[in-house]
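**Student:** As a plain string of letters, each chain reads:
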Amino acid sequence: MKRPAAIDTTSKKILRKRTISDILLVGQPNVGKSVLFSRLTGVRTIASNYPGTTVTYTSGRMRFAQETYKVLDAPGTYSLEPLDESARAAVDLIDDAKRIINVVDATHLERHLPLTMELLAQKKVMVVALNMSDEARHKGIRIDAGKLSERLGVPVVPTAARSGEGIKELIHSLHSLPVPKEEEKDESSHPGHHPHIPDYSQRDIDRGHVHLNRDKIWQRVGEIVGEVQSLHHHHHTLSQRLGEMSVHPVWGSLFAVFVLALSFSLIRLIGEFLIGGGIGILGEPWLELPFGTEFLFEAVFKPLLKKLSLLLGEEGFLHKMLIGTLIDGDIDFMQSFGILTSGLFIPLAAVLPYIISFYLVLSLLEDSGYLPRLAVFLDNIMHRIGLHGYAIIPSLLGLGCNVPGVMATRILESRQQRFITATLISIAVPCAALQAMIIGLVGDHGPWAVIFIYGMLFITWLIIGLILRFTSRGFRPELLIEIPPYRIPSFRALISKMWMRILGFLREALPVVIAAVFIVNILYQLKAFEYMADFTAPVITSLWGMPKESIVPLLVGILRKDVAVGMFAPLELNIKQLITGCVVLSMFFPCIATFVVLFRELGLKYGLKSMAVMLIAVTLVGTALNFSLSLIIP
Amino acid sequence: MEKLLTELKPGETGKIIALRGGRRMQERLRSLGMMEGNHIRKLSNLVWSGPVIVLVDRAQVAIGFGMARRIIVLTNGNNKT
Chain Z
203 MKRPAAIDTT SKKILRKRTI SDILLVGQPN VGKSVLFSRL TGVRTIASNY PGTTVTYTSG
263 RMRFAQETYK VLDAPGTYSL EPLDESARAA VDLIDDAKRI INVVDATHLE RHLPLTMELL
323 AQKKVMVVAL NMSDEARHKG IRIDAGKLSE RLGVPVVPTA ARSGEGIKEL IHSLHSLPVP
383 KEEEKDESSH PGHHPHIPDY SQRDIDRGHV HLNRDKIWQR VGEIVGEVQS LHHHHHTLSQ
443 RLGEMSVHPV WGSLFAVFVL ALSFSLIRLI GEFLIGGGIG ILGEPWLELP FGTEFLFEAV
503 FKPLLKKLSL LLGEEGFLHK MLIGTLIDGD IDFMQSFGIL TSGLFIPLAA VLPYIISFYL
563 VLSLLEDSGY LPRLAVFLDN IMHRIGLHGY AIIPSLLGLG CNVPGVMATR ILESRQQRFI
623 TATLISIAVP CAALQAMIIG LVGDHGPWAV IFIYGMLFIT WLIIGLILRF TSRGFRPELL
683 IEIPPYRIPS FRALISKMWM RILGFLREAL PVVIAAVFIV NILYQLKAFE YMADFTAPVI
743 TSLWGMPKES IVPLLVGILR KDVAVGMFAP LELNIKQLIT GCVVLSMFFP CIATFVVLFR
803 ELGLKYGLKS MAVMLIAVTL VGTALNFSLS LIIP
Chain P
195 MEKLLTELKP GETGKIIALR GGRRMQERLR SLGMMEGNHI RKLSNLVWSG PVIVLVDRAQ
255 VAIGFGMARR IIVLTNGNNK T
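First to last, the protein sequences are chains Z and P. Count along the first sequence from 1, add 202, and you get the number used in our numbering. Count along the second sequence from 1, add 194, and you get the number used in our numbering.
These aren't lab readings, by the way, just hints derived from the structure by calculation. Since this is a predicted model, take the numbers as computed values, not measurements. Built from N, CA and C at the ideal position, the CB exists for glycine as well. Accuracy of the hints is not assured; some may be wrong.
[Unchecked claim] In silico DSS-like cross-links for lysine-lysine, where the CA-CA straight-line distance does not exceed 30 Å: (1) P/Lys209 / Z/Lys508; (2) Z/Lys272 / Z/Lys370; (3) P/Lys203 / Z/Lys341; (4) Z/Lys341 / Z/Lys272; (5) Z/Lys508 / Z/Lys729; (6) P/Lys203 / Z/Lys418; (7) P/Lys209 / Z/Lys341; (8) Z/Lys729 / Z/Lys807.
[What the hints assert, rightly or not] Some chain P residues near chain Z, calculated using beta-carbon distances under 7 Å: (9) Met195; (10) Leu198; (11) Thr200; (12) Gly215; (13) Trp242; (14) Gly244; (15) Ala253; (16) Gln254; (17) Gly258; (18) Met261; (19) Leu268; (20) Thr269.
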């Protein structure tokens, strides 16, 4: 087995890109570093109630007493000997940090102090933030911060990042820390270190590497915790009881099914309500209100566009670009395909409502702490396709947008796992924008068609996973995760996180959608697609049973999947072609943003492998669908 | 009575007395509270050799089946036979 990067990494340091920070937040996963970071800098970050939300660092600035500090929020790590990609990034950041805030969980002091000890052994200038002290008090845990500070030899400040308690005191104690001089190598001259902190880095020499003597650390932590912490009897809280019930084999499984069904229904309910004012989950809505993005476009925006259309003379190059083609003398937001019609309607009216509803539900699941429990329940199924349960978290994120999904695979430990999970996300996990358009377009034919598409993608996901499991080598680590307690999501944090994600969508989607509409219109004018359609017809028409012009939406899918689905609308596909088209489009090349991230995360070799898997899979699935659907639907 | 963690019944409690496996494996288990001397309560085990869920140090931890077999627990059960 390859030995992990140990404490002594001087030779590696030269090769690394250095990121120097004035203040670095270091701590184990899920102690609330990101919430604390937002409190210090005012920079919004995505924080959730499960380990591994932050996979790369976030940078921000904090001003205090006429000084500006560069503050970095590092991913969580259990130890300075990292186990996964995101923890490795944290360890690199620690090497180059001037001051450290070591965030520890006051409710589990004994588990968090070993990392503190490792940091102390590295002679870091640091403050310990005893976070979640409100929760600790509530659970009957009392910690003598003064005594702890004495024992550790560094300041200890009780904080509760969620409510803002202790933040001021933390900043003050940071300010009073000694400023480390550059390239100071004389370790004993660091103030803030008491001589009674033993040097743990001595000397457990193991195959030439210097390791910390772990047993001594655990022993010392045990002593300290015994001295500073006292436990008081407390009753079982409701959240604890709920926590135990939801991991019960029977009740827990039922609960998982219930939560998933409820989540999907809620996403659909809220999404459809925001689009058309309709209230209903399957099929025709039970009630329709004059409300929603579609209403806004049809009733308010369309009359304006019609005036513009008349002004432009209803045809010509500029009309084609801005308004597009008139369908039966009228603007059709799905089919006209101009920058101001489909170019705005698709991202703002058809997709945005689903982005809002998806992230609202996802944020609730994230912040309540249910996601890791779901991961545990799905571990069995996931293990059979060569993944462990935790891979469900990147996959669920992928249902919102493939880009953060692929990035979140960093929380997985082995390269093989990252490869399988990222490949599966990019092929068989449709993003919210794509789903919204599929529901919008195919939903007219009845809910079963939409459910069929989801089912096909799920089966594809399962089969590719199984095949990859048996064809790619590598070690499959077992599940080992801490299940965080249930917490009631904070409204403020929820809104802030939603806002960030929605803004992110608008910033990334709007320009690309408009560019896609523009480029496609130009290419149509140049008749470039006609040659291409003849060239790809053997696959598209003979194997997939689609009209040869469908190559255009498939290619546009490389830019944006939502726009591509919209382009199926004018092709007048039958239900069979529509289903095949949507499945093929979901699988055929990830959108450009996902493509870039996939190659960055996996490297060239594995990225190409992933693409090869995709091309084989899409050809086979498209063909299988075409011929089997011909048997069912005449 | 000494048992593997996987052999405990849901609801049964005990004290961890030993960890098997390599140094890194042991470190990972310890950093989540699976320390020699700690009290542990098994909450649940999932079907088909799924993960074992325990309560240790007032926190829930899910452990893969293979890993759970490396944790040796002394149950304070009255072993009558």
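**Student:** Sort out which numbered hints this structure fails and list those numbers smallest first.
**Tutor:** Hints 1, 4, 6, 8, 9, 10, 11, 12, 19 and 20 are the ones this structure does not satisfy, whereas the remaining hints hold.
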